[in-house]
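Two chains, two separate frames, one set of hints: put the complex together.
Respectively, the protein sequence lines represent chains X and U. Just so we're aligned, residue 38 is where the first sequence starts under this note's numbering, counting upward by one. Just so we're aligned, residue 18 is where the second sequence starts under this note's numbering, counting upward by one.
Treat the hints as calculated values from the structure; they're not laboratory data. Just so you know, these numbers come straight off a predicted model, no measurement behind them. Accuracy of the hints is not assured; some may be wrong.
To be verified - List time: in silico EDC-like cross-link candidates among lysine to aspartate or glutamate, alpha-carbon distance up to 20 Å: (1) K78/U <-> E82/X; (2) K42/X <-> E67/X; (3) K292/X <-> E235/X; (4) K46/X <-> E36/U; (5) K313/X <-> D279/X; (6) K264/X <-> E189/U; (7) K303/X <-> D252/X; (8) K287/X <-> E235/X; (9) K78/U <-> E91/X; (10) K166/U <-> E201/U; (11) K106/U <-> E71/U; (12) K78/U <-> E89/X; (13) K264/X <-> E290/X; (14) K49/X <-> E67/X; (15) K52/U <-> E260/X; (16) K61/U <-> E76/U; (17) K80/X <-> E50/X; (18) K80/X <-> E76/U; (19) K62/X <-> E89/X; (20) K78/U <-> E93/X; (21) K100/X <-> E50/X; (22) K287/X <-> E189/U; (23) K46/X <-> E67/X; (24) K102/U <-> E136/U; (25) K49/X <-> E89/X; (26) K166/U <-> E210/U; (27) K181/U <-> D195/U; (28) K198/U <-> E160/U; (29) K49/X <-> E160/U; (30) K181/U <-> E36/U.
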Amino acid sequence: MKRGKQTCKILKEIRKQIAAENDIKLVIEECTYQGDCLGTCPKCEAEVRYLEHELEKRQRMGKAAVVAGLSVGLLGASQVAMAQQPDTLGINKLDEETLRGITITEGYVIPLSPPDSYLFHHSLTQEEISKWLVPGMKSLAMVGGDLRHPDVLEYENYGIAYQLYADNDDDLKADSLLKNTTHLYAPQFEGGESGLLEFISQNLGKNADGNAYGDMEVAFTVEPNGKLSHIDIIKGVNEQLDAQVAALFKFMEWKPALWELNSGEKIPFACQCVQKLHFPMITH
Amino acid sequence: MTTAKIFGIGRHRLTVDGEGVTTLVAFNGCPLRCKYCLNKASWKMENGRDYTPESLFEEVKIDQLYFLATRGGITFGGGEPLLQKDFIKEFRAICGPQWQIVVETSLHVPFETVREMNEILDGYIVDIKDLNPAIYLTYTGKENPLVLKNLEWILQHGDPKRIKVRVPHIPEYNTDEDVTKSVEILKTMGVVEVEEFEYIIR
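Here chain U stands alone, though its shape is the one from the complex (with noise of 0.2 Å):
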């Protein structure tokens, strides 16, 4: 039986993850280290709880009739929701094609697993971090070809309306400039959804 560790669930989230009322369900487990990471408790595998997707689907069904009239369903975050992918397949099973499944993802994770998971997912968040491999080695721990690789994957096989990048203005790590530059370079790989924001530092 799979089974994953999960450290939050947050109901009724109506504008932040795609469409319709999502439920957040956040992972642990993360290959990336970024210094302004909210979540460094998902870092550790033993913060959270034990979950089935049978019993996931048991505690978020709650809000089903929500999830069907306004097109929502689950949004998995982490943590890197991606290192779960059998367990997303799993839940997918169980809860039927009627529930859209995003996942808020770095896409720092291996391109067989982007290639399995795309045709049971609706839609992408993906926290693009920068372009710019330097920066992005720095912010994170870790350098950014896998990403550019697994992004224009999913933009190849996929609707780019429901892949939506994210790019932060990180303090200390990047400019404006940055940002502008990694915006212009995601256009011409094809990225229609891009938005820019300022992480908030705690």
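If we strip away everything but chain X, and leave its shape as in the complex, we get (with noise of 0.2 Å):
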């Protein structure tokens, strides 16, 4: 939340430059908060309120209040510090934080099958979904959120977290599609996780480094025909191995995510996957 952090600094300094302006008196405390900003909290906001209560009472008196284009400068300046980091609430620039930066609709979860997976709703807050989390869980499915997100990637509880979502004009109203699903399936490697594990262990052959060590995160999408695209190695173990498992990856056919609807419809959809190996992978 780096950025929160950037945008309290900036604003704190536009509340100074009116204060000092129009000869306000605002003490300015040192934030000592430690956790997510989001650019602004109550007291910050309480602190815009007593501006703008002081500067009402100095136009009630026949003075002047100085605001207009007053920190057009300050800005400027750091405008360009700023635009290198990531747009947390951009909504046309396809960033990667913006939906979860907007709360779009109330959040619900639904229990699925097999009874060890749940679907989250994106605009549900960490706490809410820690609720739902138990030890040994195997899946982690949601709708609208950002598996690369590090918030999300918090929750080790899985072997493989899903991502599910609209691919195409006619899918899902997300919202009433999930109040009519009665099961999610994930997608899954045939012979599931063990022989994904073989798959990779067999196929990287001799040929792989046999002392890379470490934890590998892969993302792809699964799409609706059981291939497999935008695959990313979002965590690596070196060069060479992360080259050789991306394109195993490429070769790869799943069998796609499934909706099951009240009416027994089975709906294939695009699903985005993060999949965790650890290596020396270890197989049984």
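This is how it looks when you write it as structure tokens:
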């Protein structure tokens, strides 16, 4: 949440400038909050309301309130640095964090089958999600969230995480579909997770770096036809092994994710996944 | 009373929507169906919350001090904000002339809409996709002559410095050469603010 802190800092400077220019006494205490910062907080908001109140008071007394364009230079200087950081609330920019920054609808949870997995709506808070996670849970499915976001991957209880989303115009009215969903079938490699590990292990063969050690995270999308696309090593072990594993994923075919509706109809969906792998790989 | 569906409001955007501190207001509804649209939820009208220009103003005026001090204001995005022309016009009447109003638009809207809205808008951020008609059609499902006509008109009837045209590299749809070609054409049209960018595929 580095960007939030940066935003907070800039907004604070703007408040200081307004106060100084209008001869308003404003004591700003150093913020010691260490958690996620959204750029503002009740304390910051209270300072703004205080400034507004003081400015109104001055206007009522016939004094001029100097605000317009006061901080243009300040923001211009900070823009260069800010532009290098990810945009947390971008809408039309295809930014990975975008939708997470905006609460769009009420969140809710639907128990799914198999019973050790749940489907989460994206607008649930981390706290709400954590209530539903239990030790040993095998999968976490989300709609509209972003599995590549560190907050999501923080939930280490799953072997593989899934994100399902609409992939064409006629798809899901996400909300109504969720309400009518009775089962979610996660995408699966033929032979399950052990089959997947075996496939990778066997096909890496002798070319693999036998000394490679560490955790790898591979992001990919299982398309409705079972082909994989958008393969990306989001956490690598070393350059050579990363390239080899990425190449292997290109050859895989999976059973696609399926929604099962109340009507019994099963609809395949594109599904973004993150598979964790550990090297050296141990297969049974 | 004019109402519109809004699916997101983002405060304190400091650099990405033009000048100053801005608040992004994202409308539902879009004429395009872009493959990599990040906000597919915005295609469905039922996903948003109903606002009137008055109720939106009440919600966003919380940052008026920042808007005035930095010459910022509201950026309407979406979805396609220019589909909500009456709403934005009424909002302008309420917020007054000091707030900057910018739209993040594809310009894929009727010519009359652009003519009508131009005088109340302070700036445009145009996602032009690709100027190659075939690529545009494949990617968005729509044709682009209307977009070019609208872009030409706003360039001729406003300050080109207030019109930023963003040209995306669209994986599997256009090449670096296509993007270069689009940028060249835009420059010959009189666009001075061009920004290339990469789509991040989710």
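Hint by hint, here is what the structure shows:
no.	hint	verdict
1	K78/U <-> E82/X	holds (12 Å)
2	K42/X <-> E67/X	holds (12 Å)
3	K292/X <-> E235/X	holds (17 Å)
4	K46/X <-> E36/U	holds (18 Å)
5	K313/X <-> D279/X	holds (13 Å)
6	K264/X <-> E189/U	holds (16 Å)
7	K303/X <-> D252/X	violated (35 Å)
8	K287/X <-> E235/X	holds (16 Å)
9	K78/U <-> E91/X	holds (17 Å)
10	K166/U <-> E201/U	holds (17 Å)
11	K106/U <-> E71/U	holds (12 Å)
12	K78/U <-> E89/X	holds (12 Å)
13	K264/X <-> E290/X	holds (5 Å)
14	K49/X <-> E67/X	holds (10 Å)
15	K52/U <-> E260/X	holds (14 Å)
16	K61/U <-> E76/U	violated (23 Å)
17	K80/X <-> E50/X	holds (15 Å)
18	K80/X <-> E76/U	holds (18 Å)
19	K62/X <-> E89/X	holds (13 Å)
20	K78/U <-> E93/X	holds (15 Å)
21	K100/X <-> E50/X	violated (23 Å)
22	K287/X <-> E189/U	holds (16 Å)
23	K46/X <-> E67/X	holds (10 Å)
24	K102/U <-> E136/U	holds (12 Å)
25	K49/X <-> E89/X	holds (14 Å)
26	K166/U <-> E210/U	holds (18 Å)
27	K181/U <-> D195/U	holds (19 Å)
28	K198/U <-> E160/U	holds (18 Å)
29	K49/X <-> E160/U	violated (46 Å)
30	K181/U <-> E36/U	holds (12 Å)
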